[in-house]
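Visitor: As a plain string of letters, each chain reads:
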Amino acid sequence: MKRKNVFQLATLLVLGLGVLFSLVAFDNPYFWQSKQLIEVSVIIREADSTSWATARQGMEQAAADLDAELRFLTLSSPDSVEEQKDLLAREVAGGAQGIVLVPADPQKMEQQVKEATAKAVLVTMESDMAESGATACISVDNRAMGEALAGKALGKLAAGDDVVLLDSAPGSTGVSARVDGAEKLLKAAGCNVYRYTLSAGQDLSSLITKAIATQKPVAILAFDTAATEQAASVATNTENPPLLYGTGATNAIIASLEQGSIDATAAQNEFAAGYLAVEAAVKAVQKKPAPDIKTLTYYLVDRQNMDDADNQKLLFPVTR
Amino acid sequence: MRKLIGTLMARWRDFYRKSSIQFILSLSFTAVAVVGMVFMGITLFLRFSSTNNAQLAASSQLVLDQVNLNLDSYLRGMMRASDTMYYSVIKNTDLEQDSLDDAMGLLYENNRSSLVSIAVFANDGTLVSATPFAALKHGVSAREQGWFSTAVEQIENLHFSTPHVENLFEDPDYKYRWVVSLSRQVELTRGGSIESGVLLVDMSFGGIEQICKDVELPSSGYLYLISGDGEIIYHPRQQLIYAGLQQENNLVAAGYKDGSHTEQFGGERRQVTVKTVGYTGWKIVGVVPADNIWNNYGQLLLFFLFVVLFSIFLLIFVNLHLSERISVPIKELDRAVKELEKGRKQVEFEVSGPYEIEHLSHSIRSMVSTMQHLMDDIIEQEEQKRRSELDVLQSQINPHFLYNTLDSVIWMTENGRTDEAVIMVTSLARFFRISLSRGSNIIPIADELEHAGHYLTIQKMRYKNKFSASITADDDVQQLYTIKLIVQPILENAIYHGMAYADGEGEIKIHAFREGGDVLIEITDNGPGMTQQTMDRLLDKRYDGPHTKGSGIGLRNVHQRIKLTFGEAYGLSIQSEPDAGTTVQIRLPAVTEAEAAQYRKEGEA
Amino acid sequence: MKHRAFAGLALALVLLLPLGLAGCGGKQKTTTIRIGVAIYRQDDTFISTVVQSLEQYAKEEEQSRNLKINLNIADGRGSQASQNEQVDRFLAQGYDVICVNLVDRTAAAVIIDKAQAAGVPVIFFNREPVEEDLARWEGAYYVGLKAAAAGELQGGIVRDAWQADTAALDRNGDGVLQYVMLEGEPGHQDALLRTEYSIKALSLAGIETEKLASDTADWQRGQASTLMQQWLTKFGDKIEVVFANNDDMALGAIDACTGVGLTADTMPFIVGVDATPPALKALEDGTLKGTVQNDGAGQAQMMLKLSCALAEGQDPSSEVTLADGKYVWLNYTTVTKDNLAQFQTP
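Residue numbers (this note's numbering), protein chains in the order written: chain Y, 1 to 320; chain R, 1 to 605; chain G, 1 to 346.
Just so you know, not all the hints are guaranteed correct.
[Stated by the list, open to error] Distance condition first, Cα-Cα at most 20 Å in a straight line; then the derived SDA-like pairs of lysine to any residue: (1) Y:Lys4 with R:Asn319; (2) G:Lys59 with Y:Ser261; (3) G:Lys59 with Y:Leu300; (4) R:Lys175 with Y:Ser261; (5) Y:Lys184 with Y:Leu300; (6) Y:Lys2 with R:Gln22; (7) G:Lys114 with R:Asp214.
[Claimed, not checked] Stretch by stretch, here's where chain Y covers chain R in the computed footprint (C-beta under 8 Å, at least three residues): (8) 157-167; (9) 243-254; (10) 411-420; (11) 469-475.
These are computed hints drawn from the structure, not numbers from a lab.
Fair warning: this is a prediction, and the values are worked out from it, not measured in the lab.
For each residue, glycine too, the CB sits at the ideal point set by N, CA and C.
One chain only, chain Y, in its complex shape (with noise of 0.2 Å):
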């Protein structure tokens, strides 16, 4: 009897208990508020963000909406290889969940980006490197893409004109990848194809001259947004510059465009692409299922179709 005694009145205790607490706990926001945020890093392989604003409000946005934190870090020197392995190192060393990486070269960096995916979750944009153990890649198909340009291109081509494809950034596979896809197209298309590869601790701009200055290419295709601004504030300076294509959608793109300097442009949603290497990480850092991420679309957009609502809503991001 007593025994019985004792458990009714000890579970009666933990009942009035639990009264209490949920009276007072859902109350208490302490208590709903110590949700961890996700450490999330971004190194991008420019030394200059302004190209990535768009990407980064994106990331932001997404960071935002699933609790996590953004550390956006750019290199001092661009694509230096060196000095993003020492950012990698440091961001995993410093407690990095999950890491959104540019690489400036997946084939010097695999050993790095291994060594990273064992402690955290690794994510690329632009080039792929699943190989090495990175969870997903957000990029375009940079073959296609490459051949789209090249493609919009030969409308104002014929076969034996010569075109210079400005290689701008050797080690990155994704923007090699893209130069590809243009090249065999043209080439099968009987143009002359010159490509010039920057080589390491070359000026981009000094390599356009020399490349305009040599060559007097009839058209010049760039594959990544560094390129394409140089080349466009290159050829306003250069007499009877040439057609210039290009990839990257920022303002100064953009601008060039307006003005003609620039023929067409191949641009991705860059707001849903950093939203979606964002989201990508911090689900995978949750172990829930990734989202499914098809490749993402590109856009051809010119002088002309430019100011079409869809295109505006691509170019100009309306800020949250």
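Since chain Y is already given, all that's left is putting chains R and G on it; use the hints.
Guide: Relative to chain Y, chains R and G alone:
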């Protein structure tokens, strides 16, 4: 169906009967309480939630109304700027002589936080005046712009466009701003003649965004703005929608009338409130996910659950204890009674508890003890009866009397007094026949007197007629019944104690007569009598025992038997004084033959 | 029986534990510092250089101090209301320090009060709140440059050029310096002070000046260009000097001049303030005649040092020099073609 109910009822009844009081009490208390509480809880909850829902809808409406007010005043401000520009400036300016720039600049400065630019175009699309930028972009044709054509088509109205990027003016900073264009057709004066043109006021989208964003709708709802045909003007997740990463039900919402609707979108139910903004035809759409409403209730529900559980348990606890207080004493009582049934004599009946239980236990206790006493009494009585009957049985045989009488018979026969011997033997035979009376205990009084007579005959002979005896009975007594062997022992006593010393003058008289409902048999002798002390002793059963000589039954035995059979009112009484003779009176009830049956025992005839 | 009671009590304790833990938990480990930076406009050239410097210095400070610095830049887009919301968000998310570049310098009090309530130090930079507002709380600081000094230095460039070679500047030879003034945002203390002190520098040197026109171009190149075009139309080459409160507007004036065909030699003497990269380029080209360096990188460095000190709970004066306990002043430097080289980044 009825059969089912019947079976259920039967089962219930069985269950009810087999269960203990405690269980039934607890169960019924708890069941009633639980049902009551659950019912109350559900009712309250439903009431609360329906009130809450109504309030949510009402507050959503209020919020929307406020936003509508803000938006309206903003748009009107812009319209007023446009009006001012037109009526106060353009109409009063002849473009040949003056410029619109200064006034336009002033108006722009005044509204710089909400405006991006003001511009006036001529009908052919050339720029007349603009602030803050002066030059159009190369290749931009104003005439091809949507705002231009709508303005020209409907000249009496102001036209609001949907948000778009302003791409008209040269901006060396390469800035691209999202604007909402407010355009109207105007009449320009040039050199006295009127020509038509278009006034364009580009409102900064930021102004609209400022009004609409961070509006708090209850339970993490949000609101968005659409044009009359459903195109999104503002949405808190606009960029995501444009990027194709998220969907919104804006096209359907465009078809809703003002007020509250429920819709299903993206796998969840939402409460949607719509309000149309005046003049523009834009709609403000407030969305509150209905599931979130339940999320809010989650806590409440949990709280209710806990309270209910707690109360149920408390009730069970209390009920158990209460019913214990009632049922445990009953159980105790029950247990004690069971012990009693098993045959234990001394059972504890000290039970405490509710007043009725205590009273019950006391009553049962006294009943038990009374029962015990009664049983003891019965046992004693039976014993007595047994003893008396044993004596009677024994005396029925009467060996001493037999020997002596037979001796007398032998002597008489040896001495040739055969006639006397015959009388003696005959009397003896008849004496014994009546003694036995075929086993009956109740015989007619006539037989009893006859029995006494035979005895006297024999005794008279033996005592050589030392005494004389007479037996008389009234007529109305003869047919009445009595227990046998009551007179003879008295006679025996009288003879042995009284007649032994008489010398022929001894006299014994037996007389039976009725007195009311009783029958009296008096045996009187003129012997020496006895003292009071002796009289008392004779009838006192403490001195019982076969110590008297002779047949041995004795007066005591007769007295007891009569009392045992007929009751305390009957029996013997002795009247005597020393030297004054003795009268023994036997008092019996008048028992007819019919009534005699009740005094017969089992197995008797 | 004892066991049961004990078990019941233990169960109760287990239920209460999370409450207690959560109540006293929630403090960040000091190995991560979170700094929220609210700027007034991302597309202001000068501010964007400050932001870039901030990010660079943050990386360096992380190395040297061995901790993590999380910078969150929020763009107010010219709306004080937006900025207030951003500040609210920073405070709600538990940032250690906030740096605010006010949209409306009269609105500092609101932000200081919010920060004080949350116990988070606030560092204003580049757009100075009024002294009374800063004095409300000792956790409010200001990192910047004294605007008057910029004006003085700018005026100094013109004065030196005038005194060195008056004929080159004085086109109409009347001995009076005719100028137009491109002003910054109305109400901005930098605009007011630079406008005043640049001319004062001249008058103090005894140079007579005549203002042909002045107007606000809101720190923006495009607007400045439009204004300049109008003035060129109106005044032609009467304009001898163009004062611009900042380099963007100076460049806008240059754009307008180039637009009408003027060259570096024929256009007016144009000076600006900030020494932004495009301005340095213009200096090199000779279109811009002088500018004053607004030490953006220096500001960023000071802000970061101060933030780290405050976030770690140390005495800020150990890291930076504080005037009146709350001001960190940096100095402007004149930049002309002569000393251009030292300001150009390699």
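Visitor: Would you mind marking each hint as holding or not holding in the structure?
Guide: To see whether the hints hold, each was checked on the structure:
1. Y:Lys4 with R:Asn319: OK: Lys4 of chain Y and Asn319 of chain R at ~14 Å, within 20 Å.
2. G:Lys59 with Y:Ser261: violated (37 Å)
3. G:Lys59 with Y:Leu300: Given pair Lys59 of chain G, Leu300 of chain Y is violated - Cα atoms ~37 Å apart, limit 20 Å.
4. R:Lys175 with Y:Ser261: holds (18 Å)
5. Y:Lys184 with Y:Leu300: Judged against 20 Å, a Cα distance of about 19 Å means the pair holds.
6. Y:Lys2 with R:Gln22: holds (18 Å)
7. G:Lys114 with R:Asp214: holds (18 Å)
8. 157-167: holds (count 4)
9. 243-254: holds (count 3)
10. 411-420: Violated, because only 0 residues of the stretch 411-420 of chain R bring their Cβ atoms closer than 8 Å to Cβ atoms of chain Y.
11. 469-475: violated (count 0)
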